[in-house]
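*Asks:* One letter stands for each residue in the lines below.
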Amino acid sequence: MTDNLDNTIPTPSCGGEDLGQVKDHFELFHTAPYQDLFEYKRQFEGAHSRDLVAETAEWTKGWEYREKNFAREALTINPAKACQPLGALFVAAGFEDTLPYSHGSQGCVAYFRSHLTRNYKEPFQAVSSSMTEDAAVFGGLSNLKSGLENSYTLYKPKMIALCTTCMAEVIGDDIGAYITTAKNEGHIPEDLPVPAAHTPSFVGSHITGYDNMLKSILKTLTKDERSETTNGKFNFNLGFDPYIGNIRELKRILGLFGIDYTVLSDNSDTFDSPNTGEFKMYNGLTTLAETADSINAEGTVFFQKYTTPKTQEYIAKEWGQKTYNFRPFGIKGTDEFLMTLSAITGKPIPLELQQERGRAVDALTDSQAWIHGKKIALYGDPDHVLSLIQFLLEMGAEPTHIVVTNSNDEFEAEARELLTNSPYGQNGTVWGGKDLWHLRSLMFTEPVDLLIGNSYGKYLWRDTGTPLVRIGYPIFDRHHMHRYATLGYQGAINQFNWIVNTILEELDRKTIVPSKTDISFDLIR
Amino acid sequence: MTTVEDRKALIDEVLEAYPDKAKKLRAKHISVQEAEKADCGVKSNKKSVPGVMTTRGCAYAGAKGVVWGPVKDMIHISHGPVGCGYYSWSGRRNYYIGTTGVDTFGTMQFTSDFQERDIVFGGDKKLAKLIDELGELFPLSQGTTIESECPVGLIGDDIEAVARAKAKETGKPVIPVRCEGFRGVSQSLGHHIANDTVRDWVLPKADEYRKLPEGFEPGPYDVNIIGDYNIGGDAWPSRMLLEEIGLRVISQFSGDGTFNEVVMTPLAKLNLIHCYRSMNYICRFMEEKYGIGWLEYNFFGPTQIAKSLRKIAAQFDETIQAKAEEVIAKYQPRMDAIAAKYRARLEGKKVMMMVGGLRPRHVVPAFTDLGMDVIGTGYEFGHGDDYKRTAEYVNEGTVIYDDISGYEFEEFAKELKPDLIAAGIKEKYVFQKMALPFRQMHSWDYSGPYHGYDGFEVFARDMDMAINNPTWALINPPWA
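Protein sequences, first through last, are from chains U and C.
Residue 428 in my numbering sits at position 428 of the first sequence, with consecutive numbering throughout.
To get my numbering, take the position in the second sequence, counting from 1, and add 1000.
So here's chain U without its partners, still in its complex pose (with noise of 0.2 Å):
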C-alpha cells in the first residue's frame, strides 16, 4: 500500500518542472522569460521598426532587387565555392600513410580540419608550416624545413602530399627547391615522396586544388616507373566526391565485371573508418605502389572532368595513356559507363547489373508521377550538377534555375547542351560564376518546386519556403548521407528517393492543418 503522505505533488522551484525536463536552446527561449527578455533587449539595439524591416524583407524578393543584385561586380555574397587547399588535401588523404601539409599560416589548415570533421563526422589529421610575421618578410623556408622534420619524425608518413596557401604564393616561396633544400640538409628522407602543388586561394576553387595535388601525385610516385607492358588495369578516379559511398559501389560493379583496377585516391575509410577503441591515423586505401604503377595502366576513367583537366591531360600526354570521361549517375550515365567500360574491357555487363538497372528503372516508374515537370533550383560543383542535370531530365524533372559559382565556358556550354537537347530542359537557365544570394532572387521572382543543393541550401529554404534536398558538399546538419552511393543504379535509387520522399513530405506539410489544409492529408500517396 502507498503512502498518500508521500504522494503530494512537489511545489516548483522557480517554474521549474521535474528534473528530467532539461530544456535546451530548441524549447528555452521559447519560454514567457526569455521572450520577455528579447523584447527588452530590443530597447538598447538601434533597431529599425518592425514595419520597416517587414516592408524591407517583401522588397528583397522582388524583381528590382533581382535586377540590383544582378548588377553587381565586386560583391560575392554565399558563394557555393571553396578554395584550393580544401581539394588538395582532401585528394591527398586517399593515399596509404600520406600526410595533408599546408605550406602557409596555420589557420587555414584549422579551417580545412574542421570542415571536412564537420561533414564526415570522422577525424581529419592535417599540419601546416605556421609561418608568422617573420616567414612574411624572410620567407618560408625554414619553416618548411623544420615543419618537414618534426611531422616526419613525430607522425611516420610515407608521404608528404604538401600544398600552398595565399601567405606562401604572395610571398612567392618557392617550395620545390625548398623541398630539395630540406632533403638535401636531412631533415627528411631523400627518398621520401613530397608531391607539393601550387595552390592560392586566389585562383580556381576547390576543385583546382584537387587536380593541382592529384597530378602532383602521380607525377612524383611514377617517376621512372614506366615498364614495357601493361599491368592489365584501369586507374579510376572520382574527382572531388564527397561520398565516401560511391568509392565502395564502384569498387562493387568492378568485382561483379571481375575487372582489375587502382582506385586513385580511395578515401573511403579515411572518412570513414570503423570504430575499434583504437584511433588510426592513416586510412588512405591506395597504396603507394599502386599509385607507382597506375602509369602502367591499360587506360584511367574520370568521373569529374571540370576537377581533373590538368591531371588528364598530363595522364594522356606525359603517360600517353587513355584516358575516359563517365557520370555514372542515374539511370543513362550508368548505362553508358557499364557499356564503354564493357567495350574496353572486352567483359560482359555482369547480370547482377543488369537486373539492378530493371529494379532501378522500376522504382523510377513508380514513383515518376510526383517528380514529373516538377521545376527545380540546383547548385553545386560542375560535373555533380551537370549529373544532376542528366538524371532529372530523364525522369521528366525540369531543372529551372542551375547556380554554379566555380564555372567556366566550357561547363557552362555542355550544361546549355544538356539542356537544350530535351523537352523538360527548355526551360532551364545556367548561371555560372553566381552565389547562393543570386539563387535566392531567382528563387523569389521565379520560383520552383524543389532546391537540390549541400546544407548552406537551408537559408533559402527557410527564406523562399522551398522544400530542400541535400545533394552535394558540405551536409553538415544531416548525419551519415556521405554513406550512401549516389553512383551507378543503386545510387539512382538512392538520391530518387530523397527527392521524391521530400516532395512528398512537403505534401504533407501542406495538407496538415486539421479541418483546413488536410483534405487530402493522405495515407497513401
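Hints are not guaranteed to be accurate.
Chain U is nowhere near these chain C residues, computed Cβ spacing over 12 Å in every case [what the hints assert, rightly or not]:
#	residue
1	Gly1041
2	Gln1142
3	Lys1349
Dumping the calculated DSS-like pairs for lysine-lysine here, alpha-carbon to alpha-carbon at most 25 Å [to be verified]:
#	chain 1	residue 1	chain 2	residue 2
4	U	Lys156	C	Lys1433
5	U	Lys68	C	Lys1172
6	U	Lys121	C	Lys1024
7	C	Lys1172	U	Lys183
8	C	Lys1168	U	Lys68
9	U	Lys68	C	Lys1125
10	U	Lys121	U	Lys251
11	C	Lys1307	C	Lys1008
12	C	Lys1125	U	Lys183
What the hints contain is simulated information worked out from the structure, not anything from laboratory work.
Even glycine gets a Cβ: it sits at the ideal position worked out from N, Cα and C.
With chain U held as given, fit chain C onto it using these hints.
*Replies:* Using the frame of chain U, we list chain C on its own:
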C-alpha cells in the same frame, strides 16, 4: 611516487617522440600543477612548432570569427580570397534574433573573392565598390567591418583609407580590421586587433553614432556584458540573471549584439566580462579612458554562478546585494537537485580539457559541481595571465598543457585514461575512435546554453549523455 612525479615522468616520456629542437620547445609548454604555485608553470602565447598538429587558428579567425562576426546588424566583409570567409561561415553558433539578410547578417558570408588580378593590382578599388554594392542591397545594415585576409596585408592595400572615405560618404561606420592570418601566433592576436578597432574606430565617435532609447537616462545599475558570444544562446540566461538581481544590461556587445550596443558601452557603470582572453583589452581601455570598472565573472555551474553574482552585487548597493541573495536562494534548491541527480551517475569521473579562451578554467568548477575531477587542462591560445588565473581552479597533479599538439593529447589520454574529453571538433572523432566519451567545448556539441542556471541543467544532462552513452559498450564485439 606522487601523482605530480608520475605525471612529470609521463610528460617526459611523451616528448621523447619529437626531434630535439621541437622537444625543447614543447617541454616549456607542459607542466604539472603543484600546490601553492601561482601560475601553472607553462610558457604560452608562443609560435606553434611547424609541422606539429596544432588546433590553433589565426588572427582572422579571432577577429571575424569571434569578436566582430557576431555583431549582428553589421556586415562583416571577409576581404581577400574566398576560403577564409567560406570556412568561417556559420561555424560558430552565435545565436541572434533578427531577419537575416534584411536587418541582421550573422549567418551570411560576404567576400571580395580576390582573384589573381586583385593580387597584382591591389584590392582597394574593389573594396570601395563592394561597399557601395552593400549599401544598395542591404540598406538596413548599421555598418561594415573589413576583415583582411593574408594577401591583403602582404600586397600592401590601404583598407584604412577606403574605410575612412566610405564612412564619410555613407554616414555609417566602416571599420578596417587588420587581422591577416599570419599576424601573431594564434587567433588571440585577432581578438586584440578587433578590440583595438573598437578603441580607435568606434568609441571616439560613439556619441555621434549612438541611438538612445526613448527616455533613456544612464542609471546606477547599468552594466555591459562583454565577451559572451551567445554560443547556443549563452548570453541570454546570463543577461537574465543580471537583470533578475536588479541590474540593467544596456549592451550585450557581441553576443546577439548590435552596433548600437557597442556604442552604448561607455554609458555603463561596469563592464562584466566573461571571456577575459578575447575582450579584456577593451575593458582595460574603457577603465582608463572613461573610468568604467570591469569584473571577470564565471557563469558555469551553480558554485561559480553564486560566487560571481555575489562578486558582481558587491560592486553595487545593498538592494542589489539582497536581490542577488534572493536569486541565488531561488535557484539553489533546483540546482542542488540537478547536481544530486547527475552526481549519482558522474561522481569521480575524470575529465581532460583543451579549449580556447576562458573555458579551460571556467568550466572546471561546473564539473566539480557534478562530482567530476579535471585531471588535465590547457588553452589553445592562452597567455600568462590566463594560466595565472587557472591556478585557482585546478588541483595539485593536474596536467597543464599549452597549445597541446594532437600527438601529445592522444598520448596523455592513453596513459591518464580520462572518462571524458572536452575539446573541439578537430579532436572529437580522434578520441571517439579511442572509445573515449567526448563533448565539444567550443560549440557545446550543438546543444546549449551552458551559461547560467538554465545552462547548468543542459551541461549536466550533456555530460551524463556523453559518458553514459550505451554505445560505448558496443565497441568490442562479443566474440573478441
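*Asks:* Hint by hint, say whether it matches the structure.
*Replies:* Now the hints, each set against the structure:
no.	hint	result
1	Gly1041	24 Å, holds
2	Gln1142	7 Å, violated
3	Lys1349	19 Å, holds
4	U:Lys156 to C:Lys1433	20 Å, holds
5	U:Lys68 to C:Lys1172	21 Å, holds
6	U:Lys121 to C:Lys1024	34 Å, violated
7	C:Lys1172 to U:Lys183	54 Å, violated
8	C:Lys1168 to U:Lys68	23 Å, holds
9	U:Lys68 to C:Lys1125	20 Å, holds
10	U:Lys121 to U:Lys251	23 Å, holds
11	C:Lys1307 to C:Lys1008	33 Å, violated
12	C:Lys1125 to U:Lys183	43 Å, violated
Checked against the numbered hints above, the structure breaks hints 2, 6, 7, 11 and 12 and satisfies the rest.
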